[in-house]
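2 protein chains.
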Amino acid sequence: MATAKSALRRENKAKRLQRVGKLARGKFVSAANVAQVLKRVIEPGDILCLEGDNQKQADFLANQLASLDRKDLSDIHLVMSCITLPAHIQLFKKGMIRQVDFCYAGPQGTAVADLVKAKKFPVGAIHTYNELYARYYIDLTPRVALIAAAQADRKGNLFLAANTEETPAIVEPTAFSDGIVFAQVNEIVDKLPRIDIPADQVDLVVQAPYPMHLQALFTRDPAAITDVQVLMAMVALRGIYEKYGVQSLNHGVGFNTAAIELLLPTYGERLGLKGKICKYWMVNPLPTMIPAIESGWVESVFAVGGEVGMERYTAAHSDVFFTGRDGSFHSNRAMGQLAGHYGIDMFIGASLQIDINGNSSTVSKNRITGFGGAPNMGCQPAGRRHPTESWLKVGAEANPGPGSPPGRKLVVQMVETFQSGRVPTFVEELDAQDPSIRKALHGVAPVMIYGDDVTHVVTEEGIANLAACRSIAERQAAIRSVAGYTPVGLKRRKRDTEELRRRGIVQFPEDVGVSPREASRSLLAAQDIKGLVRWSNGLYDPPPQFVDW
Amino acid sequence: MATAKSALRRENKAKRLQRVGKLARGKFVSAANVAQVLKRVIEPGDILCLEGDNQKQADFLANQLASLDRKDLSDIHLVMSCITLPAHIQLFKKGMIRQVDFCYAGPQGTAVADLVKAKKFPVGAIHTYNELYARYYIDLTPRVALIAAAQADRKGNLFLAANTEETPAIVEPTAFSDGIVFAQVNEIVDKLPRIDIPADQVDLVVQAPYPMHLQALFTRDPAAITDVQVLMAMVALRGIYEKYGVQSLNHGVGFNTAAIELLLPTYGERLGLKGKICKYWMVNPLPTMIPAIESGWVESVFAVGGEVGMERYTAAHSDVFFTGRDGSFHSNRAMGQLAGHYGIDMFIGASLQIDINGNSSTVSKNRITGFGGAPNMGCQPAGRRHPTESWLKVGAEANPGPGSPPGRKLVVQMVETFQSGRVPTFVEELDAQDPSIRKALHGVAPVMIYGDDVTHVVTEEGIANLAACRSIAERQAAIRSVAGYTPVGLKRRKRDTEELRRRGIVQFPEDVGVSPREASRSLLAAQDIKGLVRWSNGLYDPPPQFVDW
Numbered sequence: 001m002a003t004a005k006s007a008l009r010r011e012n013k014a015k016r017l018q019r020v021g022k023l024a025r026g027k028f029v030s031a032a033n034v035a036q037v038l039k040r041v042i043e044p045g046d047i048l049c050l051e052g053d054n055q056k057q058a059d060f061l062a063n064q065l066a067s068l069d070r071k072d073l074s075d076i077h078l079v080m081s082c083i084t085l086p087a088h089i090q091l092f093k094k095g096m097i098r099q100v101d102f103c104y105a106g107p108q109g110t111a112v113a114d115l116v117k118a119k120k121f122p123v124g125a126i127h128t129y130n131e132l133y134a135r136y137y138i139d140l141t142p143r144v145a146l147i148a149a150a151q152a153d154r155k156g157n158l159f160l161a162a163n164t165e166e167t168p169a170i171v172e173p174t175a176f177s178d179g180i181v182f183a184q185v186n187e188i189v190d191k192l193p194r195i196d197i198p199a200d201q202v203d204l205v206v207q208a209p210y211p212m213h214l215q216a217l218f219t220r221d222p223a224a225i226t227d228v229q230v231l232m233a234m235v236a237l238r239g240i241y242e243k244y245g246v247q248s249l250n251h252g253v254g255f256n257t258a259a260i261e262l263l264l265p266t267y268g269e270r271l272g273l274k275g276k277i278c279k280y281w282m283v284n285p286l287p288t289m290i291p292a293i294e295s296g297w298v299e300s301v302f303a304v305g306g307e308v309g310m311e312r313y314t315a316a317h318s319d320v321f322f323t324g325r326d327g328s329f330h331s332n333r334a335m336g337q338l339a340g341h342y343g344i345d346m347f348i349g350a351s352l353q354i355d356i357n358g359n360s361s362t363v364s365k366n367r368i369t370g371f372g373g374a375p376n377m378g379c380q381p382a383g384r385r386h387p388t389e390s391w392l393k394v395g396a397e398a399n400p401g402p403g404s405p406p407g408r409k410l411v412v413q414m415v416e417t418f419q420s421g422r423v424p425t426f427v428e429e430l431d432a433q434d435p436s437i438r439k440a441l442h443g444v445a446p447v448m449i450y451g452d453d454v455t456h457v458v459t460e461e462g463i464a465n466l467a468a469c470r471s472i473a474e475r476q477a478a479i480r481s482v483a484g485y486t487p488v489g490l491k492r493r494k495r496d497t498e499e500l501r502r503r504g505i506v507q508f509p510e511d512v513g514v515s516p517r518e519a520s521r522s523l524l525a526a527q528d529i530k531g532l533v534r535w536s537n538g539l540y541d542p543p544p545q546f547v548d549w
Numbered sequence: 001m002a003t004a005k006s007a008l009r010r011e012n013k014a015k016r017l018q019r020v021g022k023l024a025r026g027k028f029v030s031a032a033n034v035a036q037v038l039k040r041v042i043e044p045g046d047i048l049c050l051e052g053d054n055q056k057q058a059d060f061l062a063n064q065l066a067s068l069d070r071k072d073l074s075d076i077h078l079v080m081s082c083i084t085l086p087a088h089i090q091l092f093k094k095g096m097i098r099q100v101d102f103c104y105a106g107p108q109g110t111a112v113a114d115l116v117k118a119k120k121f122p123v124g125a126i127h128t129y130n131e132l133y134a135r136y137y138i139d140l141t142p143r144v145a146l147i148a149a150a151q152a153d154r155k156g157n158l159f160l161a162a163n164t165e166e167t168p169a170i171v172e173p174t175a176f177s178d179g180i181v182f183a184q185v186n187e188i189v190d191k192l193p194r195i196d197i198p199a200d201q202v203d204l205v206v207q208a209p210y211p212m213h214l215q216a217l218f219t220r221d222p223a224a225i226t227d228v229q230v231l232m233a234m235v236a237l238r239g240i241y242e243k244y245g246v247q248s249l250n251h252g253v254g255f256n257t258a259a260i261e262l263l264l265p266t267y268g269e270r271l272g273l274k275g276k277i278c279k280y281w282m283v284n285p286l287p288t289m290i291p292a293i294e295s296g297w298v299e300s301v302f303a304v305g306g307e308v309g310m311e312r313y314t315a316a317h318s319d320v321f322f323t324g325r326d327g328s329f330h331s332n333r334a335m336g337q338l339a340g341h342y343g344i345d346m347f348i349g350a351s352l353q354i355d356i357n358g359n360s361s362t363v364s365k366n367r368i369t370g371f372g373g374a375p376n377m378g379c380q381p382a383g384r385r386h387p388t389e390s391w392l393k394v395g396a397e398a399n400p401g402p403g404s405p406p407g408r409k410l411v412v413q414m415v416e417t418f419q420s421g422r423v424p425t426f427v428e429e430l431d432a433q434d435p436s437i438r439k440a441l442h443g444v445a446p447v448m449i450y451g452d453d454v455t456h457v458v459t460e461e462g463i464a465n466l467a468a469c470r471s472i473a474e475r476q477a478a479i480r481s482v483a484g485y486t487p488v489g490l491k492r493r494k495r496d497t498e499e500l501r502r503r504g505i506v507q508f509p510e511d512v513g514v515s516p517r518e519a520s521r522s523l524l525a526a527q528d529i530k531g532l533v534r535w536s537n538g539l540y541d542p543p544p545q546f547v548d549w
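Protein chains in written order, with the UniProt record's numbering: chain A, 1 to 549; chain B, 1 to 549.
Extracted from the complex, chain A is given alone in its bound form (with noise of 0.2 Å):
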């Protein structure tokens, strides 16, 4: 009956600091230092995390560490939410990774897919977000993370902005199993606006000497959105948002989710459904909100992120988002997903593959992006049991089996026949399926969302309500009724069509009340992002690329 384990994780994490020694003076290391920190702290075999969403990197300390080379480093399990850095792509171009389990690769998914090709690229699973947070605190804990914070104090207290995201759900497993938490702050200063991170869950900091790289993701213009997009807006609204009484809800970050933002002061107004709908959001600080929220839409709104510009808007409205004592914005990645997952009544997003079984996916053959949020939001939830008048719609109109719950989450596919360059939207097939792509990821296809979530699609064509289908022969016929001149809606047969019209499971525009003559750019209650900026009486500060004034 011998003590097996004791404290061999917390002497180890001492071995580590003592080797950093006068490299750094207390928890502070310069930049000119890191990259020899980092070799000296990080060991063969470790679980390695890099914190990097589809947001905010920590770009510098990515940097140094792939400027490290494999004698240095090597037989690492990296595990980080988004690959989207070139650094990242070099750490496995370099050999140094063993095993990697991610999310997201956005901007480099087709390097990573070339990785793939090259056997270079030896991934665990790819997860939604809180599933790889989930598994931080079960089988892949961090030895090492290595994150990002707009400032710290002199004891290493930590301030995130109003990029909290991922952080605390990276530093507190680490932290509290003795692993290393290695912060790269824009800045070092006497006294934060508040604390985020307490100095004692971290034990390295560097002031990085340019600022951690945010991407401003969640810009959608205004002046992009098609007519088009204008009618599958209405049409979502009548169909969809109406019908069921929509209280809470996340949107993608699309331009038709955009449009439907942007229509709530005009159309929705006109439709009496102000105060009615729309009213608790988990989602970004959309600037495409803006009009609704200056026109009283909007309750509430917790958000996994900031978005670049919105830093003084969202700080002079904390009656709608979430602001610290300091008065500026707070995001929680973990906690806002968690949200999404269970307290909303629909998620609504779009893909650029859906097959006739309703699965979507983002990955193609030449480009394996990844998941995000989309699969933990655009899921039945199947822990809920509180009932909301949405809820219990859908519920009833999917007719449920008596071991199943009575209400069904709204989980609404929104997305146009073709996507540009004439490639078809709706498929037989998801090349997710390719058998090339399953090899890599242990014989499971990167499905986002699987058809059996979803609840409705709706194109230019119409809504295909899923949820009451009866059969998956009547699941696949609704999807081919709204997949327009794709090779998928030209299979569609008209006497089919015509029963699933006739009992509501397909609805056209005039069905749900709207003319597609009337659908017009001219409805939107902002036509451009100047537009944004005058609605936000000056407080919006589009980033530059965005401004052409």
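For the record, the hints were derived by calculation from the structure and aren't laboratory data. Hints are not guaranteed to be accurate.
[What the hints assert, rightly or not] Heads up, simulated DSS-like pairs for lysine-lysine below, C-alpha to C-alpha not over 25 Å straight-line:
| id | chain 1 | residue 1 | chain 2 | residue 2 |
| --- | --- | --- | --- | --- |
| 1 | B | LYS39 | B | LYS22 |
| 2 | B | LYS155 | A | LYS27 |
| 3 | B | LYS191 | A | LYS191 |
| 4 | A | LYS439 | B | LYS155 |
If you're wondering where the values come from, they're calculated on a predicted model, not measured in any experiment.
Use these hints to put chain B onto chain A, whose structure you have.
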């Protein structure tokens, strides 16, 4: 285009704190002034959150609240995890509560049922923990939160000790929406062992005249485990743990799973399963896990809460448990529940009633309890994308359709066919379906786990593999086959059972290589609490009610 909202909430908060005036010195309130302060900071119409889960209670603040009257405080929308104290019941009896949204009412289940009958329990909904926390960020954001901490320092920073539990999930949405956070603490000290909640998220602090209530909820005396429970544990180990190669899991609080924990170092070792199963746990520091930990079975344990008496043991085993830099245990209910939702192969728990469709509930006509974490962990997490051996194997048996993920989480109900007092566990219809209960809950029956989510039912008769059933009728036959001499079991048709057994959907102990004659308490690694203390090398300090020596 007027600015609709600005900082009304913030101004309102300032006014409330002004009203406190000299009743506080800075943030600090004396115990004698608490009732007066509560009267001044809470307003009619408020969403009020009272901290209290199945372990930790802000009981001093709850008692002070209950000392007020309807004229002091009314029209309150109460949100809280667990209605467990007499003080909570008082709030309803006094008519102070307009609506309540909660999770669980363990010890007060009968009192809650009485309140329902008296129409004095205006319930919104019953939730699973993380679902309720999710709504704190969406449509149930507290204006005032009354919480509990171990210690505060002079600035109002808080130390939560072993019981972090749900505190951050309450404080974050309240503090960042200009709500008021009022903490009771056991003591005020000059220097905290570590900071769990930074002071700028805390408005008011009181040193309570008695330490916060902590329930020793997860302590099971091995002496109370029966031979029948040992048999079920052996069947589960061979027929589920071994068969699927379960790496990561959650155990409930019952004696059935305690038996499994105590069989690992004996029976499990004999089967050669060490290192092959049960490595990663999301579970509180259960004393009955001590022998398995000492025998080197366990890599890691993350917990939603602490357990009274396990403080020294967990601190000495920081390689297995999560501990702070100060060396003491760390928990987190929201993140632990997230880990248990997305990060594990198996949830196994028990229930008071299971119907023929596999739905389960702990509600009876005279006792409304609720859910806690079971729906969240005991469901199919539709957002999960990472495969494990176990997940894929169950998935293959379930023969998923073209719109479903390829894997399934193991969700196991482990129950004896009869509860104490010869009350059958298996019923044709759950008490939770009773019209009077449904009526009180907006038409929704409080089902804890739905049959569609359950993969296996284990009883002393054997295993029913519900995941492998191909129809509702087959599922019902499988459940009847293991329901023994209950009315549900007696309705089984011998031919059905034989056919299901032939297909491996029903397995009796001998089918998984277990001889009932072998099943004996003598196989347990510890026979009683004293045995656990011995295994712990004297580091486990059982609470007085468990000590008879």
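Against the structure, the hints come out as follows:
1. LYS39/B - LYS22/B: Status holds; Cα separation ~14 Å.
2. LYS155/B - LYS27/A: Holds: LYS155/B and LYS27/A sit about 24 Å apart, inside 25 Å.
3. LYS191/B - LYS191/A: The hint holds at about 19 Å.
4. LYS439/A - LYS155/B: violated, 56 Å
Of the hints listed earlier, the one the structure fails to meet is number 4.
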